[in-house]
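Enquirer: Given these sequences and hints, build the entire structure.
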Amino acid sequence: MRKIWDIHGGVHPPENKTQSLQRGIENAGIPPVLVHPLSQHIGAPAAPIVEVGQRVLKGQMIAEAKGFVSVPVHAASSGTVSAIEHREIPHPSGLLAPCIVIDTDGKDEWIELDPVDDYTTLEKADLLHRIRDCGIAGMGGAGFPSAVKLSTRDDAVIDTLIINGTECEPYITADDMLMRERADQIIAGIKILQYLIQPTEQTLIGVEDNKPEGIAALRQAAEDSNIEIVVFPTKYPSGGEKQLIQILTGREVPSGGLPADVGIVCQNIGTTVAIHRAVQFGEPLISRITTVTGDACSAPGNFEVLLGTPVDYLLKLGGFNQAQCLRLVMGGPMMGFTLKDTSVPVVKTTNCLLAPTTEELPPPPPAQACIRCGLCAEACPVSLLPQQMYWFARGKEYEKLEDHNLFDCIECGACSYACPSNIPLVQYYRASKAEIRKQQQEKVKSEHAKARFEARQLRIEREEAEKEARRKARQEAAKKKAAAGKDPIKAAQEKAAAPAVDPAQAAIEKAMAKRSGAAPEESSEETLARLQKAVETAEKRLESASAKLKEAEAADAPNLGALQTAHERMTEKLAKAKEELQQHQQASSGASDTDDPAAAAIARAQAARASKEDKSPLEKAQEQVASLEKRLTKSEQKLAEAKESGSDTAEVLEQSTAKLREKLDSARAELAQISESEAPVAAAASTNDPAQLAIEKAMAAREAAAKLSPEDKARKALESLEARVEKTRAKLAEAEESGADTVEVLRDTLAKLEDKLAEARKDPGVEG
Amino acid sequence: MALLTVSSPHAHGPMSTATVMRLVLLSTLPGVFALTYFFGFGTLSNILLASLLALGMEALILKIRKRPIGFYLNDCSALVTAVLLGIALPPASPWWILAVGILFAIVFAKHLYGGMGYNPFNPAMVGYVVLLISFPVQMTSWVAPIGTFNGEVLGPIDALMRTFSFSGVDAVTMATPLDVLKQNNSLLVEDLWASNSQFGTLAGVGWEWANIGFLLGGLYLLYRRVFTWHAPISMLLSLTLLSALFYDGGSSASGGSPLFHLFSGATMLGAFFIVTDPVTSAVSNKGRIIYGACIGILVYLIRVWGNYPDAIAFSVLLMNFAAPLLDHYTQPRTYGHKKKNLQKEAD
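Chains W and A, in that order, are what the protein sequence lines are. With numbering that gives the first Met the number 0, letter number 147 in the first sequence gets 146, and the count goes up by one each step, no holes. With numbering that gives the first Met the number 0, letter number 338 in the second sequence gets 337, and the count goes up by one each step, no holes.
No wet-lab data here; the hints were simulated from the structure. Be careful, since some hints might not be right.
[What the hints assert, rightly or not] Which chain W residues face chain A? A few, computed with CB under 10 angstroms, are given here:
| hint | residue |
| --- | --- |
| 1 | H7 |
| 2 | V10 |
| 3 | H11 |
| 4 | P13 |
| 5 | E251 |
| 6 | V252 |
| 7 | R326 |
| 8 | V328 |
| 9 | P332 |
| 10 | P361 |
| 11 | P365 |
| 12 | H403 |
| 13 | A413 |
| 14 | S420 |
[Unchecked claim] Some residues of chain A that are not near chain W, with every Cβ distance over 12 angstroms (derived):
| hint | residue |
| --- | --- |
| 15 | L28 |
| 16 | L51 |
| 17 | W95 |
| 18 | I132 |
| 19 | V179 |
| 20 | Q182 |
| 21 | N183 |
| 22 | Y219 |
[Claimed, not checked] With a cut-off of at most 27 angstroms between alpha-carbon atoms, the simulated DSS-like pairs for lysine-lysine come out as follows:
| hint | chain 1 | residue 1 | chain 2 | residue 2 |
| --- | --- | --- | --- | --- |
| 23 | W | K619 | W | K715 |
| 24 | W | K726 | W | K755 |
| 25 | W | K432 | A | K337 |
| 26 | A | K337 | W | K2 |
| 27 | A | K337 | W | K399 |
| 28 | A | K65 | W | K395 |
In this text the structure is predicted, and so the values were computed from the model without any measurement. A virtual CB, placed ideally from N, CA and C, is assigned to each residue, including glycine.
Expert: Pasting the structure below:
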């Protein structure tokens with residue numbers, strides 16, 4: 000005979016179970032409306048994935064799990080989603096919560112299910128995933144997501160799997176009926192759990208001795224298995240998870256710990272059936288067995304009811320007479336909560352609807368003074384001192400309450416039941432727990448704020464100090480310089496004169512050197528070869544670009560515009576390269592004709608400048624304007640075509656045309672500016688020395704380039720962008736470290752800047 | 000009809016404070032019967048007058064404190080105090096003795112500390128001790144039990160007459176057995192027993208039966224789970240152990256046998272009706288064991304080496320002082336906690 004341990008305390012309230020055991024489980028049918036709350040369990044609520052007006056099928060997922068401790072919600076019957084709104088849900092708070100409302104169509108059409116013939120072929124993770132996807136949460140009490148409970152850590156050794164068939168609350172018989180009628184499904188579900196958990200020692204089903212028929216049925220179904228049914232004396236609250244573990248194994252779950260800490264996993268007996276159906280048939284959790292009982296019900300019994308069924312619909316089946324009933328309880332008389340409204344739906348944890356008459360459960364009489372009789376301490380299953388805690392709760396001595404292990408209270412209600420003075424002890428503990436939690440949260444919040452404030456204060460101080468240090472350093476440096484007696488203006492001039500090596504200047508210097516008889520660094524043959532090669536590659540690239548363009552035009556690809564631009568650019572580049580080549584050829588032929596090497600060198604320098612720096616800004620601007628004009632006309636043509644054919648690209652085209660126009664306008668403005676600034680240069684260039692002319696021209700061009708070269712501009716813009724990106728990154732890192740509120744904003748800015756930078760790098764040209 | 004919103008649990012056990020008090024009252028019956036049989040109607044007249052006074056004073060002070068009178072009178076706690084004090088006082092005590100006793104019990108010990116549930120000291124014992132210190136003559140003159148002098152005890156009329164001090168009714172009083180033993184310093188216990196008619200089989204004539212009566216009542220309350228065994232049993236055990244230790248076979252210096260101590264004076268009344276007062280005792284089972292044992296020790300010490308023949312009231316009041324301390328150090332181990340949860344020494 001297996002050893003049974005006893006738990007401390009406990010009470011023996013009248014069981015009142017026979018009333019609802021007169022009939023077998025009956026099907027409650029399909030109510031006209033189903034209300035599915037998005038949160039029916041501990042953890043994060045599910046997120047809806049259907050829309051109002053959408054038709055849904057029975058078993059269809061209508062809200063998906065959000066987060067680890069969360070399960071999805073499924074439609075319990077086929078119909079149309081009529082609302083997604085806040086409704087009253089069965090919760091002690093009586094608060095409204097988001098629900099999906101389905102108007103059923105009575106067809107009860109199933110969605111296609113995904114049954115598994117042999118679950119042993121599935122990986123553990125797949126099996127858990129399936130259990131989670133089927134929306135299975137603990138059906139005994141708090142409704143903890145089963146998959147979470149079953150996914151034990153890899154290093155945790157589970158030696159015992161316990162199935163909770165205690166059902167110690169008075170009145171409730173849902174599990175009892177389940178054992179009587181569906182013992183084989185229970186055993187099948189337990190076998191799946193065994194496969195999942197691999198308990199190394201034993202699998203036990205704990206049942207109180209007040210369910211002889213259920214026990215017999217279970218024994219028969221478990222005959223050929225290694226599952227043991229353990230029967231123990233009836234006492235409330237033996238069915239608490241921690242209490243059952245103590246009764247069956249003598250082990251105590253450490254305070255604040257989990258059963259897995261002592262090598263145990265515990266599941267409710269109703270949950271095993273749900274898991275069996277989910278794995279074997281792929282059925283999500285859309286129905287459960289609910290006891291409808293109490294003397295205000297003329298036909299008490301157990302019903303297989305669709306989740307989401309309104310309570311009043313179910314009560315009607317039980318012959319509910321509201322005139323006799325003062326309070327309606329969801330759950331049992333010890334831990335259940337009262338319902339304000341009978342329109343709330345049945346949820347995954349609804350094991351009972353108790354409609355007692357006023358005589359049966361009279362309204363609580365006024366509380367008398369506590370006489371510290373200690374009956375509560377005698378009744379407490381976790382060996383607390385409820386009477387002491389009551390004093391502390393009334394005196395708001397929260398520290399003492401915590402010292403007296405308030406948070407180990409399971410709120411079973413045994414103390415209140417036993418209290419001769421009718422003191423609602425549990426209510427005091429609940430309120431105190433809530434108050435302590437609130438205080439803790441506030442403490443955490445204020446500590447966080449304090450840390451943030453201090454970090455900010457430190458940062459400001461540091462920055463001030465750095466600033467001060469820099470300022471001092473500057474002062475020192477200035478003093479030193481002054482002491483050295485060096486004329487600062489002269490120093491500045493020297494400094495300004497020093498970095499005078501830019502490519503154009505170098506070319507001019509080279510040309511001057513040539514004039515005095517120095518040899519060029521690159522022979523004209525080599526230059527010719529290089530230029531020819533450049534022309535060749537440009538031609539090749541143009542070819543491939545035009546091929547691509549044609550392809551795109553044929554396929555009407557969305558990147559057509561981009562390809563066209565690329566093609567145009569290629570054409571321009573080719574033309575440029577060809578021009579350069581020509582120039583070079585002319586220059587070299589001219590050089591061979593004339594005997595002035597200096598002139599040739601200057602020409603070469605100019606050519607080189609042209610190859611490097613393109614043409615003069617004026618020419619460039621003119622070219623640009625021309626190309627833009629060309630593109631604009633083309634685009635306008637296309638737009639007209641698109642409009643005629645009613646193509647949906649018209650809008651896009653219109654936009655791009657508008658952009659082109661803008662660009663053209665700005666390019667024209669630029670051109671006007673450039674031609675104005677170049678006019679005096681041209682006028683001044685009326686000397687008769689060609690070399691001097693070339694030099695002057697080159698110098699002027701350089702000046703203009705320094706002022707306006709678009710490439711330089713782009714480069715500068717690029718540099719400044721890079722600097723800004725760096726700065727923003729640094730700021731963001733700082734903000735993230737100190738947890739400042741600005742993190743989000745900074746992240747956005749950084750992303751934008753990075754985009755811009757990427758664009759600028761891609762297209763360093765004039766456009767844009 | 001609107002549905003009621005109440006917090007769980009919805010079911011409630013059959014026990015109520017009034018039920019507990021009535022059970023206590025009921026359980027005093029065997030002892031009271033024995034007392035009446037052996038000492039006449041004096042005890043009953045005590046109880047009757049004390050009850051009337053207690054109810055009256057309770058009602059008065061509730062009115063002054065602006066509390067609902069009916070609601071609090073219904074819990075029967077004042078009656079219990081009155082009955083216990085009435086039993087403890089010498090039979091047919093004068094009315095003013097009763098009045099002073101009840102005044103201190105109900106008004107001072109109970110309501111001035113906050114009323115039901117808030118009193119640190121046992122009200123009946125406070126009343127008793129006030130009387131014992133203030134009126135030692137009246138408090139130690141116990142009527143002779145039946146069959147000791149002329150065989151007569153007080154009838155109901157005589158008892159009332161004596162209570163209200165109408166002259167002419169003079170009962171025979173004599174020292175209690177505890178007192179006799181205490182005063183003895185020359186005779187062997189055996190000889191003492193033979194030379195004094197008030198000694199009976201176990202202890203004193205009448206006393207032993209009254210104690211047996213209260214023992215029976217106490218066992219009934221234990222059976223009904225009105226209190227736990229811890230405090231009374233540990234008190235009786237410690238008293239037995241100490242008296243056995245110092246019995247020394249019955250010399251003239253002997254403290255008396257364990258049986259004598261168990262069935263003398265107010266031992267059983269104290270063990271099952273005074274020590275078990277929940278309001279003023281320790282709360283945890285372990286605390287109650289210590290609480291009871293200490294009372295037993297004090298009772299013996301005071302009885303044998305102190306100035307008073309009986310000691311229940313003093314011992315109980317002394318341990319009432321200690322109860323909060325015991326509570327502090329005897330918190331039970333909560334489920335899932337490794338060690339006893341001693342409170343941090345911060346407070």
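Enquirer: Now look at each hint and say whether the structure bears it out.
Expert: To see whether the hints hold, each was checked on the structure:
The criterion of a C-beta within 10 angstroms of any C-beta in chain A is met by W/H7, whose closest approach is roughly 7 angstroms, and the hint holds. With a least beta-carbon distance of about 7 angstroms to chain A, the hint placing W/V10 at the interface is held under the 10 angstroms criterion. This hint holds: W/H11 has a C-beta 9 angstroms from the nearest C-beta of chain A, less than the 10 angstroms allowed. Look at W/P13: its Cβ gets to within about 8 angstroms of chain A, closer than 10 angstroms, so that hint holds up.
Look at W/E251: its Cβ gets to within about 5 angstroms of chain A, closer than 10 angstroms, so that hint holds up. For W/V252, the suggested interface contact is upheld, since its CB lies about 6 angstroms from the closest CB of chain A, less than 10 angstroms. Satisfaction of the interface hint for W/R326 is found here, the shortest Cβ-Cβ separation to chain A being roughly 4 angstroms, below the 10 angstroms cut-off. Interface restraint check for W/V328: the shortest CB-CB distance to chain A comes to about 6 angstroms, inside 10 angstroms, so the restraint holds.
With its C-beta approaching chain A no nearer than about 4 angstroms, W/P332 sits inside the 10 angstroms limit, and its interface hint holds. Interface restraint check for W/P361: the shortest CB-CB distance to chain A comes to about 8 angstroms, inside 10 angstroms, so the restraint holds. For W/P365, the suggested interface contact is upheld, since its CB lies about 7 angstroms from the closest CB of chain A, less than 10 angstroms. Taking 10 angstroms as the C-beta cut-off, the interface hint given for W/H403 holds, the closest approach to chain A being about 7 angstroms.
Checking W/A413 against chain A by beta carbon gives a least distance of about 8 angstroms; that is within 10 angstroms, so the hint holds. Nearest Cβ of chain A to the Cβ of W/S420: about 5 angstroms, under the 10 angstroms cut. The hint holds. The Cβ of A/L28 sits about 21 angstroms from the closest Cβ of chain W, beyond the 12 angstroms cut-off, so the non-interface label holds. Distance check for A/L51 against chain W: the nearest CB is about 23 angstroms away, which clears 12 angstroms, and the non-interface claim stands.
Residue placement check: A/W95 keeps its beta carbon more than 12 angstroms from all beta carbons of chain W (closest about 30 angstroms). No Cβ of chain W comes within 12 angstroms of the Cβ of A/I132; the nearest lies about 28 angstroms off, and the non-interface call holds. Its beta-carbon lying about 38 angstroms from the closest one in chain W, A/V179 satisfies the requirement of being farther than 12 angstroms from that chain. A/Q182, annotated as away from the interface, keeps every beta carbon of chain W farther than 12 angstroms; the closest lies near 40 angstroms.
With a closest Cβ-Cβ approach of about 41 angstroms to chain W, A/N183 is found to remain outside the 12 angstroms limit, as its non-interface label requires. With a minimum CB-CB distance of about 16 angstroms to chain W, A/Y219 clears the 12 angstroms threshold, and the non-interface call stands. With a C-alpha separation of about 19 angstroms, the suggested pair W/K619 and W/K715 falls inside the 27 angstroms cut-off, and the hint holds. For the hint pairing W/K726 with W/K755, the CA-to-CA distance comes to about 15 angstroms; that is within 27 angstroms, so the pair holds.
Pair hint W/K432 plus A/K337 holds up; C-alpha atoms about 22 angstroms apart against a cutoff of 27 angstroms. Proposed proximity of A/K337 and W/K2 is supported: the alpha carbons are some 23 angstroms apart, at most 27 angstroms. The hinted pair formed by A/K337 and W/K399 meets the criterion: a straight-line CA distance of about 19 angstroms does not exceed 27 angstroms. With a CA separation close to 25 angstroms, the supplied pair A/K65 and W/K395 stays within the 27 angstroms bound.
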